[in-house]
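The whole structure should be built from the sequences, with the hints applied where relevant.
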Amino acid sequence: MVSVRYDEQAKALYFHMTKGKVAKTVSLGKDQFIDVDKKGKMIGLEVLLPNKIPTEAKKVILNA
507 MVSVRYDEQA
517 KALYFHMTKG
527 KVAKTVSLGK
537 DQFIDVDKKG
547 KMIGLEVLLP
557 NKIPTEAKKV
567 ILNA
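In terms of my numbering, the sequence shown opens at residue 507 and continues consecutively.
By construction, these hints were calculated from the structure, which means they are not laboratory data. Among the hints, erroneous ones may be present.
[As the list claims (entries may be wrong)] For lysine-lysine, the following BS3-like pairs were computed, each having C-alpha atoms within a straight-line distance of at most 30 Å:
hint : residue 1 : residue 2
1    : K536      : K558
2    : K517      : K564
3    : K544      : K558
4    : K544      : K527
5    : K544      : K565
6    : K517      : K536
7    : K545      : K558
8    : K525      : K544
9    : K564      : K545
10   : K565      : K525
11   : K547      : K536
Because the structure is a prediction, the values reported are computed rather than measured.
Written as structure tokens, this is what we have:
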């Protein structure tokens, strides 16, 4: 099951896909990164968000 975490200080969303130890982080372009294990299996996805997020959007993210 995918879990979602929001880091207020970093202004980032992290989608944790599966258990595992991160061996490498790969950039997918500006503000998007995937964490992979030593076999190349995706463990998680990080998306950096704009500095100002509307309050309603924040509520939806945190209650997802």
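Right, here's what the structure says about each hint:
no. : hint        : in the structure
1   : K536 / K558 : holds (17 Å)
2   : K517 / K564 : holds (11 Å)
3   : K544 / K558 : violated (35 Å)
4   : K544 / K527 : holds (8 Å)
5   : K544 / K565 : violated (35 Å)
6   : K517 / K536 : holds (14 Å)
7   : K545 / K558 : violated (37 Å)
8   : K525 / K544 : holds (13 Å)
9   : K564 / K545 : violated (34 Å)
10  : K565 / K525 : holds (26 Å)
11  : K547 / K536 : holds (21 Å)
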